[in-house]
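Order-wise, the sequence lines are chains E and B.
Using full-length UniProt numbering, read the first sequence as starting at 1 and increasing by one per residue.
Using full-length UniProt numbering, read the second sequence as starting at 1 and increasing by one per residue.
No lab work stands behind these hints, which were simulated from the structure alone.
Ideal placement from N, C-alpha and C gives every residue a C-beta, glycine not left out.
Treat each hint with caution, since some may be false.
To be verified - Between beta-carbon pairs, the in silico distance windows are:
# : chain 1 : residue 1 : chain 2 : residue 2 : range
1 : B       : Q200      : E       : E92       : 51 to 57 Å
2 : E       : S61       : B       : H160      : 52 to 58 Å
3 : E       : E53       : B       : A40       : 36 to 42 Å
4 : E       : V174      : B       : Q180      : 38 to 44 Å
5 : B       : E138      : E       : A2        : 28 to 34 Å
6 : B       : S173      : E       : N3        : 24 to 30 Å
To be verified - Mimicking BS3-like on lysine-lysine, the simulated pairs with C-alpha atoms at most 30 Å apart in a straight line are:
#  : chain 1 : residue 1 : chain 2 : residue 2
7  : E       : K34       : E       : K47
8  : E       : K10       : B       : K95
9  : B       : K95       : E       : K153
10 : E       : K109      : B       : K95
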Amino acid sequence: MANYSTNEFKPGLKVMLDGDPCSILENEYVKPGKGQAFNRVKVRNLKTGRVNERTFKSGDSLEGADVMDREMEYLYTDGEFWHFMATDGSFEQYGADEKAVGDCMNWMKEQVVYTVTLFNGAPIAVTPPNFVELEVVETDPGVRGDTSGGGNKPAKLVTGAVVKVPLFINTGDVLKVDTRSSEYVGRA
Amino acid sequence: MSRAWQPSATIDALRQRAGIVNQIRQFFAERGVLEVDTPALSHAAVSDPFLHPFATDFVPEGGGQAATLYLHTSPEYPMKRLLAAGSGPIWQLCKVFRNGEVGRRHNPEFSMLEWYRPGFDHHQLMDEVDALVCAVLESAPARRITYADAFAEHTGLDVHACSDMDLQRLAASRCGFAGQLSRDGYLNLLFAECVEPALQAPTMVYAFPASQAALAQIVEGDDRVPAAARFELFVQGMELANGYFELTDADEQLRRFEADQQQREALGVTALPIDLPLVAALHAGLPSCAGVALGVDRLVMLALGASTIAEVIAFDAGRA
Chain E
1 MANYSTNEFK PGLKVMLDGD PCSILENEYV KPGKGQAFNR VKVRNLKTGR VNERTFKSGD
61 SLEGADVMDR EMEYLYTDGE FWHFMATDGS FEQYGADEKA VGDCMNWMKE QVVYTVTLFN
121 GAPIAVTPPN FVELEVVETD PGVRGDTSGG GNKPAKLVTG AVVKVPLFIN TGDVLKVDTR
181 SSEYVGRA
Chain B
1 MSRAWQPSAT IDALRQRAGI VNQIRQFFAE RGVLEVDTPA LSHAAVSDPF LHPFATDFVP
61 EGGGQAATLY LHTSPEYPMK RLLAAGSGPI WQLCKVFRNG EVGRRHNPEF SMLEWYRPGF
121 DHHQLMDEVD ALVCAVLESA PARRITYADA FAEHTGLDVH ACSDMDLQRL AASRCGFAGQ
181 LSRDGYLNLL FAECVEPALQ APTMVYAFPA SQAALAQIVE GDDRVPAAAR FELFVQGMEL
241 ANGYFELTDA DEQLRRFEAD QQQREALGVT ALPIDLPLVA ALHAGLPSCA GVALGVDRLV
301 MLALGASTIA EVIAFDAGRA
């Protein structure tokens, strides 16, 4: 891969840092009137999702990371891997391990299309669509007629995720959930 | 053709900027300081190892020897030559040019206000800087603190006593910095990353490490350690001005020029011609004086509450 110098660090650029692929989020040029110039860089580690701030001397460089996001449909899990198939017509299949699926585990549903991040050709992260529709498997019985939304209770979804829902929701309802905030949006 | 033609600043911001420039002109007129205009192109350049001047060629029409000329990174050398020639107190508002500098608070050409006060030391000049900045920003007077105290307050390290290793460790833990730097390099990094952002209320930092004297005199500090008679003003975590009780010793000036040259060489940046007319002016006699440079675009940013320099200049580098 090519090397990128600090002045080429743009948001979205994928680079290797401490052996892990990272995505640049922000890059600020810092230069005292007298003295060395630096770049204050915010990066997201694509394996852990963690965001870090790092400072580099201006002109330092990092190796680019072979990272690619691909749209893939979720097929099934064998308990060890979660299997996906590319939707670009290639029918290529990839197995993502538990670490790669990470928090997305809460939002896995067959036939839904996810963004799978590949590093050197292997899945390292799975990002759900902003909204998924999932069935409630366990919640207190619904309170009939209460559609005011003034009050809520926990509901367990088919994936195991627990979200807060209005009191009128029943087991068996299919809910639309915002995966970014883990919030109930409405009944599907 | 799709390239944006519009200015990066609003017309209203430019109107307010013009008001501030008038205020500056008025400030110096009332104090009897003479406005001057020195060359932007010169045969020599400021020797600071971390400043990169734009170079261009003067080519005589009709043939002859071409000469390299540098766009000034600050007007300090010719202004000191005027002082040596007996100008008395002088000020200048001019465009200066620094190659490679672009960012939220940097533009490769920017407006600098520089002034010199014969008979002042850096403390008296701090008073005057404060008077100007308070008037423009309608702010309270700046707090004054030594470099060592500011450093200790925000990093927990004693700048006189700590080892290079202590600095390196702190740079790693506080700034995620893994590279190698000189002691001054680490100090600069930690100051920029840990101290500067914390200086929100106007703060004058003075008594810099002697190794960062630039063109300031070295005097005995409050704690009996030799310190540079240099100060910087910070407002809202941003460096706004840098001033000195000026070095007047010609031989020491020449030594510092040569040290800068050596450092430029060590850093692998182009050596620049030494400004011998300045050394000669110091030999002839520079009156005891203090001088300061203030970033006018940043002053306007603060006055207008702008977060980028582009918002206060008509056309930023990308649109120039």
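Practice task
For Q200(B) and E92(E), compare the CB-CB distance with the range 51 to 57 Å and indicate the outcome.
Solution key: holds, 53 Å
Practice task
Decide if the proposed pair is consistent with the structure: K109(E) and K95(B), CA atoms, cutoff 30 Å inclusive.
Solution key: Violated, because 61 Å separates the two Cα atoms, which is more than 30 Å.
Problem - Beta-carbon spacing of E53(E) to A40(B) - inside the hinted bounds 36 to 42 Å or not - result: holds, 38 Å
Handout entry: Holds or violated: K95(B) to K153(E), with C-alpha atoms at most 30 Å apart
Key = violated, 64 Å
Handout entry: Given hint K47(E) paired with K34(E) - CA-CA distance at most 30 Å
Key = Violated - the C-alpha atoms of K47(E) and K34(E) are around 38 Å apart, more than 30 Å.
Handout entry: Status of the given 38 to 44 Å range, CB of Q180(B) versus CB of V174(E)
Key = Once the Cβ atoms are compared, 58 Å apart, the range 38 to 44 Å for Q180(B) and V174(E) is violated.
Exercise for the section: Kindly confirm whether 28 to 34 Å is satisfied by the beta carbon distance between E138(B) and A2(E). Expected result: Cβ of E138(B) to Cβ of A2(E): about 50 Å, so the range 28 to 34 Å is violated.
Problem - S173(B) versus N3(E) beta-carbon gap, inside 24 to 30 Å or not - result: Holds - the Cβ-Cβ distance for S173(B) and N3(E), about 27 Å, lies within 24 to 30 Å.
Practice task
Quickly compare the C-alpha distance for K10(E) and K95(B) to 30 Å and report which way the hint goes.
Solution key: Given that 30 Å is the threshold and the Cα spacing comes to 29 Å, the pair holds.
Exercise for the section: Could you say whether the range 52 to 58 Å given as a hint is met by the Cβ separation of S61(E) and H160(B)? Expected result: violated, 35 Å
When held up to the earlier numbered hints, the structure conflicts with 2, 4, 5, 7, 9 and 10 and fits the remainder.
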